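Novice: In case you want the letters, here they are:
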Amino acid sequence: MRTADVTALAALVSIALFVVGLKRLSRVRSARSGNQLMAAGMLVAVVLTLFELGRIDWRWILGGVAVGAGVGVATVLRAKATAMPEIVARFNGFGGAASALVAVSLFWAAVVEDPTATSAVEALGVTAAATAVLTVLIGGVTLSGSVLAELKLRGTVEGPARLPGRSLAMAVLLGLGVAAGWEAVVAHDATLPVVGMLVLVAASLLIGVVLVLPIGGADMPVVISLLNSLSGLAAAAAGFALDDPLLIIAGTVVGAAGLILTQIMCVAMNRSLLNVMVGGFGGDVEADTSEYVNVRSSDAEEAAMVLEAAERVIIVPGYGLAAGRAQNAAHEVAKALIALGVEVRFAIHPVAGRMPGHMNVVLAEAEVPYELLVEMDRINQDFPQTDVVIVVGANDVVNPAANTQPSSPIAGMPILDVASARRVFVIKRSLSPGYAGIKNELFERDNTVMLFGDAKQVLDDLAAHLHLARR
Amino acid sequence: MGPLLVSLYVFVLAGFLGFELINKVPPTLHTPLMSGANAMSGITVIGALTLATVAEPRVSTILGFLAIALATINVVGGFLVTDRMLATFRRRR
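In order, the protein sequences belong to chains A and B. For the first sequence, this note's numbering gives the first residue as 1, with consecutive numbering after it. For the second sequence, this note's numbering gives the first residue as 1, with consecutive numbering after it.
Where hints are given, some of them may not hold.
Stated by the list, open to error - Pulled a few chain B residues facing chain A out of the computed Cβ check, cut under 8 angstroms:
1) His30
2) Met40
3) Ile46
4) Gly47
5) Thr53
6) Leu63
7) Val76
To be verified - Lysine-lysine pairs mimicking DSBU-like chemistry, simulated, CA-CA at most 35 angstroms apart:
8) Lys80/A x Lys335/A
9) Lys456/A x Lys439/A
10) Lys24/B x Lys23/A
11) Lys456/A x Lys335/A
12) Lys439/A x Lys80/A
13) Lys439/A x Lys335/A
14) Lys80/A x Lys24/B
15) Lys23/A x Lys80/A
16) Lys24/B x Lys335/A
Claimed, not checked - Simulated restraints, written as ranges between beta carbons of each label pair:
17) Glu56/B x Pro433/A: 55 to 61 angstroms
18) Arg29/A x Glu20/B: 18 to 24 angstroms
19) Val178/A x Leu8/B: 30 to 36 angstroms
Bear in mind the hints are in silico, worked out from the structure with no lab data behind them. Model, not experiment: these values are computed from the prediction. We treat Cβ as the ideally placed atom computed from N, Cα and C, and that holds for glycine.
With the hints as extra help, turn the sequences into a complete structure.
Specialist: Next comes the structure, spelled out in structure tokens:
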């Protein structure tokens with residue numbers, strides 16, 4: 001067998017591992033082994049590529065792999081569980097950047113460094129030249145969009161809710177990028193292709209910024225998922241440029257899977273993808289930011305007394321729980337209540353937190369049994385028969401305005417109907433608005449009592465009082 | 001059928017495969033799935049590997065080196081962070 005046949009068969013093994021791995025990753029029981037199969041598929045792909053390269057100079061490759069592996073491992077080891085969304089966004093940006101660099105490197109070797117070449121189209125062929133331009137475009141958007149998404153998640157950057165002339169700016173930048181890309185690959189000139197490529201890179205980076213800057217609030221997870229899909233497509237485009245079927249298949253599968261996941265998230269928020277991408281959470285509608293009246297607050301001791309007497313309790317976690325690292329404290333409260341014979345469940349809103357499934361990850365870290373976590377659609381009908389709801393650091397996902405005020409920015413978004421429970425305790429630092437930046441009328445309801453303070457501290461106090469009640 | 005057409009066939013079929021693979025996913029797995037798929041998009045590393053094969057520090061080689069480093073961060077970090085998330089699910093059983 002020739003070397004090419006061996007590596008082609010190995011590529012098939014790699015694809016099979018990716019596909020089976022991804023399938024297993026979408027089921028709870030098999031998820032971890034699925035991820036490991038995908039990692040094995042990647043290892044096979046890298047080894048076969050190195051085998052195919054044969055006798056070459058290894059220094060740059062070994063250096064790059066060593067640096068990348070070191071930084072990757074260090075980043076993960078240092079990351080906190082609450083910072084996972086930011087980490088995913090950053091890695092995603094790096095993936096997009098790598099694809100764009102592959103295309104630029106290919107272009108540079110064929111046009112600038114080859115004295116005999118006239119243009120990229122003649123040196124590489126029309127398909128490779130055109131897809132190289134596409135790779136730079138998608139990869140650049142992925143890089144700047146992901147970096148900006150990470151900064152916005154951290155709160156380092158706060159974009160304007162609306163960017164005037166955004167569509168026009170996008171159209172101009174896209175036109176500029178395509179024109180520059182065209183010049184880069186067809187020009188018969190010494191400097192014009194280089195200038196074209198640099199303008200293309202700059203334009204693609206700016207498109208990513210303009211795309212993500214005005215998007216905020218609960219829409220951030222959708223954007224990251226979409227950028228994830230784009231980084232897959234960038235890899236697929238690089239596959240076309242290099243004529244490598246393994247890159248095309250793996251990249252396209254990620255692109256399609258990312259798109260489906262994006263769609264699932266949009267459905268969870270009752271919004272269309274277009275609506276999300278237009279940006280400025282809520283768009284034109286006026287947000288109600290008036291002062292709160294009739295807010296009642298209490299302390300952990302009183303709340304514990306109410307909880308002791310309850311039969312059914314539902315805990316609603318939000319981003320505040322993750323940010324305050326209160327997941328273990330929440331589990332302690334649940335355990336104390338269960339010991340008192342109270343039925344306790346956790347209600348999981350699909351977009352609570354900063355990523356879909358964020359609450360599941362955080363609560364799983366605290367070893368809360370999977371059976372106690374109930375999805376919104378299945379638990380919403382149970383709120384009227386619930387004695388006490390404890391809202392921990394959630395805001396927009398429990399705001400009744402979504403159902404009652406058609407003009408509200410979050411109108412139509414499915415919410416957890418906590419207001420229909422007999423009593424609602426809201427654990428929160430202050431009355432500051434949530435990510436959507438609007439007032440939450442739940443806090444003014446007669447059956448709502450605020451427990452102001454740090455989520456972890458308040459839950460610890462609650463658990464302590466509940467333990468005392470057992471004696 | 002020319003090579004471009006074969007690539008297009010592969011592209012379209014892989015797209016359908018991706019759609020079908022994860023059409024139903026419990027919300028618990030949305031974040032790990034996004035993270036795992038993200039690591040898989042680091043497959044671009046195999047393209048990068050073919051571009052840094054000479055010792056001489058040309059621009060294309062340095063760009064290839066950077067691409068290898070960034071893609072490897074994406075791959076190694078991505079699979080590792082996904083495994084870390086999923087490990088918390090397993091411990092309960």
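Novice: Which of the listed hints are not met by the structure?
Specialist: The structure conflicts with hint 19 only, although it agrees with all the remaining ones.
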